[in-house]
Amino acid sequence: MQKGLCVKEKENEFRRLKEFIESKKETQGIMMQTLQEAQNIFGYLPIEVQKFIADETGIPLAEVYGVVTFYTQFSVTPKGKHKIGVCLGTACYVKGAQLILDKLSKELGINVGATTEDNLFTLEATRCLGCCGLAPVMMIDDEVYGKLETKQIPEIIAKYRG
Amino acid sequence: MDNVKVTINGIEVNVPKDYTVLMAAREAGVDIPTLCFLKEINEIAACRVCVVEADVKGVPMRNLPASCVLQVQDGMNVKTNTQRVRNAVKMNVELILANHNRECLTCVRNTSCELQKLCNELGIEGIEFQGAKRESKIDNLAPSIVRDSSKCILCGRCVSACRDVQGIGILDFTNRGFNTEVAPAFDYSMKDVPCIYCGQCIQACPVGALYEKRNIDDVWAAIEDPEKFVVVQTAPAVRASLGEEFGLPVGTAVTGKMVSALKRLGFDKVFDTNFSADLTIMEEGTEFINRVLNGGKLPMITSCSPGWIRYCEFNYPDFLENLSTCKSPQQMFGAIVKSYYAEKQGIDPKNIVSVSIMPCTSKKSELSREEMEVDSLRDVDISLTTRELGDMIKQARINFNKLPDGEPDSILGDYTGAGVIFGTTGGVMEAALRTVADVLTGTDIQKIEYDAVRGLDGVKEATLVLPIEGKDTEVKIAVAHGMINASKILDAVRSGEKNYHFIEVMGCPGGCVHGGGQSHVSAKERLDVDPKISRAKALYSEDEAQTLRKSHHNPEVKKLYEDYLKEPNGHLSHKLLHTHYHEKSSYPVENQQDYDDMINNLK
Chain R
1 MQKGLCVKEK ENEFRRLKEF IESKKETQGI MMQTLQEAQN IFGYLPIEVQ
51 KFIADETGIP LAEVYGVVTF YTQFSVTPKG KHKIGVCLGT ACYVKGAQLI
101 LDKLSKELGI NVGATTEDNL FTLEATRCLG CCGLAPVMMI DDEVYGKLET
151 KQIPEIIAKY RG
Chain G
163 MDNVKVTING IEVNVPKDYT VLMAAREAGV DIPTLCFLKE INEIAACRVC
213 VVEADVKGVP MRNLPASCVL QVQDGMNVKT NTQRVRNAVK MNVELILANH
263 NRECLTCVRN TSCELQKLCN ELGIEGIEFQ GAKRESKIDN LAPSIVRDSS
313 KCILCGRCVS ACRDVQGIGI LDFTNRGFNT EVAPAFDYSM KDVPCIYCGQ
363 CIQACPVGAL YEKRNIDDVW AAIEDPEKFV VVQTAPAVRA SLGEEFGLPV
413 GTAVTGKMVS ALKRLGFDKV FDTNFSADLT IMEEGTEFIN RVLNGGKLPM
463 ITSCSPGWIR YCEFNYPDFL ENLSTCKSPQ QMFGAIVKSY YAEKQGIDPK
513 NIVSVSIMPC TSKKSELSRE EMEVDSLRDV DISLTTRELG DMIKQARINF
563 NKLPDGEPDS ILGDYTGAGV IFGTTGGVME AALRTVADVL TGTDIQKIEY
613 DAVRGLDGVK EATLVLPIEG KDTEVKIAVA HGMINASKIL DAVRSGEKNY
663 HFIEVMGCPG GCVHGGGQSH VSAKERLDVD PKISRAKALY SEDEAQTLRK
713 SHHNPEVKKL YEDYLKEPNG HLSHKLLHTH YHEKSSYPVE NQQDYDDMIN
763 NLK
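Quick mapping for you: the protein sequence lines, in order, are chains R and G. So for the first sequence, the working numbering puts the first residue at 1; every next one is plus one. So for the second sequence, the working numbering puts the first residue at 163; every next one is plus one.
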């Protein structure tokens with residue numbers, strides 16, 4: 001397991017999460033909203049955060065953890081500042097998305113699913129992003145890059161390295 | 163309730179309209195196979211083994227609906243035995259088998275496995291699907307419960323038992339798709355989670371994915387060792403279930419055969435935990451009277467159930483002072499064996515191996531608690547479940563059903579009816595009241611049955627009038643079984659909504675008769691029989707059959723006080739028979755202190 005969250009420095013974040021949960025106390029089915037809010041606040045959902053949610057909502061920790069590990073949108077490990085998602089949907093795949101992914105992996109020096117040591121990038125393979133006309137496609141944060149060729153990759157990455 | 167007319171395999175039945183097709187089929191004498199279904203606990207249509215073909219007034223239903231959740235409708239026509247259904251059921255089971263560790267011959271559930279039985283009934287002859295299998299992970303680090311992920315079929319019965327019946331939620335579905343696994347949060351070992359080791363998950367498991375940590379070989383080794391003097395005690399509830407291991411109906415009392423079997427297994431002395439149940443009443447009853455008279459902490463809460471103790475330590479630490487300081491009967495027995503008994507018989511207590519047979523998986527964890535020793539001698543050394551004792555008897559090739567009745571050995575074998583009923587919810591309270599009422603009134607009260615504390619209501623309450631310091635005083639009592647009910651009572655006490663003098667809590671629903679160590683009763687059998695009721699009946703009948711039915715009348719317990727302990731709650735009792743419990747933190751994190759500080763700052 002990864003190193004524990006530095007709880008001391010995150011008191012304000014926990015306060016925000018507590019306020020969120022309290023504002024939803026009367027509503028049913030608050031688990032997803034709470035987890036999304038927590039992921040927004042902390043960037044990921046380490047045990048300290050999940051335990052906090054379990055204690056505040058009365059939902060067993062195993063159930064919280066079960067939901068977190070079910071949805072790919074949630075993560076129990078820290079994410080990089082920029083999230084790169086390469087579409088491996090059918091259209092992108094036949095248009096060579098795997099090559100794009102391999103190139104990114106080489107360029108960043110990490111495997112798919114991992115985060116660079118400087119915490120700048122997380123590389124992920126995604127399902128269809130819904131813009132097959134632009135295949136092969138990747139997204140960095142909210143930006144879509146279409147009709148990609150492997151040679152463009154270093155340049156795009158450099159932009160984010162600033 | 164309005165009834166509706168349903169036809170099942172051509173047989174017409176009239177059933178209440180809230181029935182499922184599965185229940186209606188039973189009325190029609192039609193047996194539909196099930197696997198994930200566990201009556202009133204897990205009805206989630208996950209395994210698709212109970213699918214049927216159905217139409218309503220001639221309009222066919224889409225696909226094959228699962229009968230365990232399909233509500234009946236008027237004019238519904240159900241077929242359970244068509245080629246289409248048979249093929250679907252068979253394939254669904256084959257798909258489950260494709261990702262199941264099929265080492266049936268050496269599995270702990272061999273012959274009691276519901277999946278194995280189903281394969282036999284369905285005539286499955288080979289598994290067409292060969293493919294990847296879930297990685298096998300065996301967690302045997304906890305003292306009570308072993309989890310084997312390679313056997314799990316993801317039916318969710320344990321998840322429901324833990325989360326919904328007990329209100330705890332240690333196990334849940336984690337990850338997704340092929341990687342789905344039933345496990346504790348963050349894949350913690352069962353030893354590191356706030357599990358109370360009640361074993362209700364084991365009772366719910368249809369296969370060998372969850373079972374007790376086995377200690378049979380430790381007992382054989384002790385019996386074989388000529389240096390060792392091996393004594394055994396048997397808890398009240400064991401006698402109401404052990405027979406099931408040998409095909410007897412659920413809830414057959416087999417006290418005499420059990421004693422004979424233990425003697426044949428080679429134990430040097432066969433005693434009875436009922437004896438120390440009576441002893442517990444002497445100590446706990448006296449403690450209660452003292453707390454009432456001297457302004458001690460009330461309500462006093464019983465402390466016999468180690469599952470409940472763990473639950474309290476994790477979830478209600480503010481009630482730890484309310485717990486009776488009495489050790490459980492198992493531990494009291496052990497402490498007396500290695501002190502009083504050893505002294506009387508001139509045996510070096512270091513050579514005594516103290517074994518217990520329990521309906522419980524949590525007892526294995528209780529005996530290993532730090533507090534449970536006196537002068538560096540462990541009170542109890544090994545605890546076996548009812549199932550393990552059954553297995554030992556089978557290994558010794560003893561023909562259990564033909565055994566004559568035996569009698570437990572003196573000087574720790576006598577017991578009263580009060581000791582017997584310890585094994586069922588309300589029993590400890592009733593036993594305590596029989597003694598407390600006599601002591602307070604100074605008479606031998608003839609009405610000794612307290613019906614208000616019997617039965618399966620989750621929370622039972624009663625008010626009695628007893629003379630306290632010469633004044634008739636209302637004494638309020640409550641009984642809870644299963645942790646979800648205990649938490650209801652404790653929340654009500656915490657908020658000031660309820661006030662009691664004395665509360666009995668047992669960790670398992672129904673009390674020890676339905677403990678995690680009792681014989682397995684399949685989901686199918688449970689449709690007709692409630693083991694909680696049948697086994698409790700066996701105990702109440704044994705209570706009625708006793709001439710002595712009050713703990714303070716137990717001649718061997720009286721002798722123990724005369725010769726050794728002198729008086730209940732006395733100096734020696736405190737040393738041997740009493741203890742204290744401590745707050746435990748659930749799911750400790752790396753920076754626990756920082757985390758606790760943060761929680762406090764946010765309050």
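These are computed hints drawn from the structure, not numbers from a lab. Note that the structure is a prediction, hence the values are computed from the model and not measured. Quick reminder that beta carbons are idealized off the backbone N, C-alpha and C, glycines included. Do not rely on the hints blindly, as some may be mistaken.
[Stated by the list, open to error] In silico DSSO-like cross-links for lysine-lysine, where the CA-CA straight-line distance does not exceed 30 Å:
#	chain 1	residue 1	chain 2	residue 2
1	G	252	G	299
2	G	252	G	241
3	G	201	G	167
4	R	8	G	279
5	G	699	G	425
6	R	25	G	699
7	R	25	G	241
8	G	506	R	18
9	R	8	R	81
10	G	390	G	556
11	R	25	G	390
12	R	79	G	299
13	R	10	G	746
14	G	353	R	8
15	G	299	G	279
16	G	375	G	556
17	R	24	G	765
18	R	25	G	167
19	R	106	R	81
20	G	219	G	167
21	G	765	G	746
22	G	765	R	10
23	G	650	R	18
24	R	151	R	24
25	G	353	G	746
26	G	201	G	686
27	G	660	G	459
28	R	8	G	765
29	R	18	G	765
30	G	650	G	638
31	R	95	R	25
32	G	650	R	24
[To be verified] Far from chain G, some chain R residues (derived; all Cβ distances over 10 Å):
#	residue
33	50
34	69
35	79
36	81
37	98
38	103
39	126
Verification of the supplied hints:
Distance restraint check for residue 252 of chain G and residue 299 of chain G: the Cα-Cα separation of roughly 28 Å lies within the 30 Å cut-off, and the hinted pair is therefore satisfied. The suggested pairing of residue 252 of chain G with residue 241 of chain G holds, with an alpha-carbon distance near 16 Å, which does not exceed 30 Å. Between residue 201 of chain G and residue 167 of chain G, the direct Cα distance comes to roughly 23 Å. Compliance with the 30 Å bound is thereby established for this hinted pair. Restraint check for residue 8 of chain R and residue 279 of chain G: not satisfied, since their Cα atoms lie roughly 55 Å apart, outside the 30 Å limit.
A hinted pair counts as satisfied when its Cα atoms are at most 30 Å apart, and residue 699 of chain G with residue 425 of chain G qualifies at roughly 26 Å. For the suggested pair residue 25 of chain R and residue 699 of chain G, the alpha carbons sit about 44 Å apart, so the restraint of at most 30 Å is broken. A threshold of 30 Å between alpha carbons decides the hint, and for residue 25 of chain R with residue 241 of chain G the separation of about 46 Å lies outside it, so the pair is violated. Of the pairs offered as hints, the one joining residue 506 of chain G and residue 18 of chain R is violated, with about 62 Å between alpha carbons and a cut-off of 30 Å exceeded.
Simply put, residue 8 of chain R and residue 81 of chain R have alpha-carbon atoms about 22 Å apart, close enough for the 30 Å limit, and the pair holds. Distance restraint check for residue 390 of chain G and residue 556 of chain G: the Cα-Cα separation of roughly 23 Å lies within the 30 Å cut-off, and the hinted pair is therefore satisfied. Note on residue 25 of chain R and residue 390 of chain G: the hinted pairing is violated, with a Cα-Cα distance of about 60 Å set against a maximum of 30 Å. Pair hint residue 79 of chain R plus residue 299 of chain G holds up; C-alpha atoms about 28 Å apart against a cutoff of 30 Å.
A hinted pair counts as satisfied when its Cα atoms are at most 30 Å apart, and residue 10 of chain R with residue 746 of chain G qualifies at roughly 25 Å. With a C-alpha separation of about 28 Å, the suggested pair residue 353 of chain G and residue 8 of chain R falls inside the 30 Å cut-off, and the hint holds. Distance check on the hinted pair: residue 299 of chain G and residue 279 of chain G sit about 25 Å apart at the alpha-carbon level, within 30 Å; holds. Of the supplied pair hints, the one linking residue 375 of chain G and residue 556 of chain G holds, its CA atoms being roughly 18 Å apart against a limit of 30 Å.
The straight-line distance between the Cα atoms of residue 24 of chain R and residue 765 of chain G is roughly 18 Å, inside the 30 Å bound, and the hint therefore holds. For the given pair, residue 25 of chain R sits about 44 Å from residue 167 of chain G by alpha-carbon distance, which is inconsistent with the 30 Å threshold. For the suggested pair residue 106 of chain R and residue 81 of chain R, the alpha carbons sit about 19 Å apart, so the restraint of at most 30 Å is met. Pair hint residue 219 of chain G plus residue 167 of chain G holds up; C-alpha atoms about 11 Å apart against a cutoff of 30 Å.
For the hint pairing residue 765 of chain G with residue 746 of chain G, the CA-to-CA distance comes to about 21 Å; that is within 30 Å, so the pair holds. Between residue 765 of chain G and residue 10 of chain R the alpha-carbon distance is near 15 Å, which keeps this suggested pair within the 30 Å criterion. The hinted pair formed by residue 650 of chain G and residue 18 of chain R meets the criterion: a straight-line CA distance of about 25 Å does not exceed 30 Å. A distance of roughly 49 Å separates the Cα atoms of residue 151 of chain R and residue 24 of chain R; the hinted pair therefore is violated under the 30 Å criterion.
A threshold of 30 Å between alpha carbons decides the hint, and for residue 353 of chain G with residue 746 of chain G the separation of about 13 Å falls inside it, so the pair holds. Among the hinted pairs, residue 201 of chain G with residue 686 of chain G is consistent with the structure: their alpha-carbon atoms are about 9 Å apart, no more than 30 Å. Simply put, residue 660 of chain G and residue 459 of chain G have alpha-carbon atoms about 15 Å apart, close enough for the 30 Å limit, and the pair holds. For a cut-off of 30 Å, the pair hint linking residue 8 of chain R to residue 765 of chain G stands: about 15 Å separates their Cα positions.
The straight-line distance between the Cα atoms of residue 18 of chain R and residue 765 of chain G is roughly 10 Å, inside the 30 Å bound, and the hint therefore holds. Restraint check for residue 650 of chain G and residue 638 of chain G: satisfied, since their Cα atoms lie roughly 16 Å apart, inside the 30 Å limit. Among the hinted pairs, residue 95 of chain R with residue 25 of chain R is inconsistent with the structure: their alpha-carbon atoms are about 48 Å apart, more than 30 Å. The hinted pair formed by residue 650 of chain G and residue 24 of chain R meets the criterion: a straight-line CA distance of about 24 Å does not exceed 30 Å.
Remark: the non-interface label on residue 50 of chain R conflicts with the geometry, its nearest Cβ contact in chain G lying 7 Å away (cut-off 10 Å). With a cut of 10 Å on Cβ distances, residue 69 of chain R falls inside the contact zone with chain G, its closest approach being about 5 Å. The claim that residue 79 of chain R is not at the interface with chain G holds, since no C-beta of that chain comes within 10 Å of its own (minimum 18 Å). At roughly 24 Å from the closest C-beta of chain G, the C-beta of residue 81 of chain R stays outside 10 Å, upholding its exclusion from the interface.
With a least CB separation of 21 Å from chain G, residue 98 of chain R remains clear of the 10 Å interface cut-off, as annotated. Every C-beta of chain G lies more than 10 Å from that of residue 103 of chain R, the closest at about 28 Å, which supports listing it as non-interface. Residue placement check: residue 126 of chain R keeps its beta carbon more than 10 Å from all beta carbons of chain G (closest about 15 Å).
Checked against the numbered hints given earlier, the structure breaks hints 4, 6, 7, 8, 11, 18, 24, 31, 33 and 34 and satisfies all the rest.
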